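Based on the provided sequences and hints, a complete structural model is requested.
According to the numbering used here, the sequence shown is numbered sequentially starting from 46.
What follows is a set of in silico ranges between Cβ atoms, one per label pair, in the way DEER data are often shown:
no. : residue 1 : residue 2 : range
1   : R145      : E122      : 33 to 41 Å
2   : S252      : S275      : 33 to 41 Å
3   : N256      : M149      : 34 to 42 Å
4   : V104      : S280      : 57 to 65 Å
5   : S71       : R153      : 34 to 42 Å
6   : I62       : P273      : 48 to 56 Å
7   : Q173      : E263      : 24 to 32 Å
8   : E101      : D186      : 52 to 60 Å
9   : E320      : R140      : 54 to 62 Å
10  : E122      : D148      : 35 to 43 Å
11  : Y58       : E121      : 22 to 30 Å
12  : D186      : M130      : 48 to 56 Å
13  : L67       : R153      : 34 to 42 Å
14  : N205      : N256      : 30 to 38 Å
The list that follows gives simulated cross-link-like pairs (lysine to any residue, SDA-like), each with its CA atoms no further than 25 Å apart:
no. : residue 1 : residue 2
15  : K303      : E293
16  : K269      : L163
17  : K309      : E266
18  : K309      : M268
19  : K202      : R315
20  : K202      : A307
21  : K202      : T310
22  : K177      : Q157
23  : K309      : R169
24  : K202      : L237
25  : K177      : R151
In short, the hints are calculated from the structure, not lab data. No experiment lies behind these values; they were computed from the predicted model shown. We treat Cβ as the ideally placed atom computed from N, Cα and C, and that holds for glycine.
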Amino acid sequence: MYRGVIVDLPEAYQGMIGLDRLRWQSDFGQDYLVLDSGSPGPEAGGNLILPLYSPENQVVHALAVLRFSKAVEVDEETGEMIEQMSVPLSVAVEREIIRRTMDMERQRFYEQAIRDPLTGLYTRVYMQESAKRLLDIHDRDANAAVAVMIFDLDLFKSVNDNYGHNAGDEVLRQVAGIILECTRSGDIQVRLGGEEFAVFIAGSDASLASNVAERIRERVEGMKIAGPMSSRSFSISGGIAYRRQGEELLEAIQRADKALYAAKTSGRNRIKLAEDG
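Structural data, given as structure tokens:
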């Protein structure tokens, strides 16, 4: 089965991409190029390079490199065969370019769907996908525990009211940066919406969730933002729930959210563990 691969362009072929048909024929004399492999012994041989032209502007946009175990000699019959090969090869490359472009576009749109544009944290869309995988693993292995942490910035509305939404956005970016710095790349860091965040920690380190949450709280408490908010203090409250085997994602989030509410009502700027684990 054909499988496209991406490789660096060898130095010997540098400068060939981008030539138009007239320039290629002027430089090389015909619509192909023969190069020795440059390797002695059993690696000796030759390379036949075919320029593949873009149908829109007749500019070389790809090279087909055919490698032979011995020196390449092109006679009239071989030349005709090369000419016949060029068109279908160009079509194949064109299709491959279109396919890869579509794949890149799909990836770009997927990234836009799973990444919050303001903070760079994951969105609820990604949370639903990835957290479910963690829960499936936990259901099969009790040691692969999952901790759910929910955070909410305290009195965030007053930031927007007193300093404007641009200032509020900067606060959210700073807090998101703290969350990323205090967690591992394998954890799932989510902006749930507004000033609310979630973090999922899985594996043997899930038991350390309280330490991670406290570290985030301390960092936010010590956060300083230059400008009009330089004298303002910030704080964040959090709730933690350790997911039970068989428990639905929403149930675990609700227990963590209930613990967050307890942290808010008991004075803010603190972390609470769900009473039922």
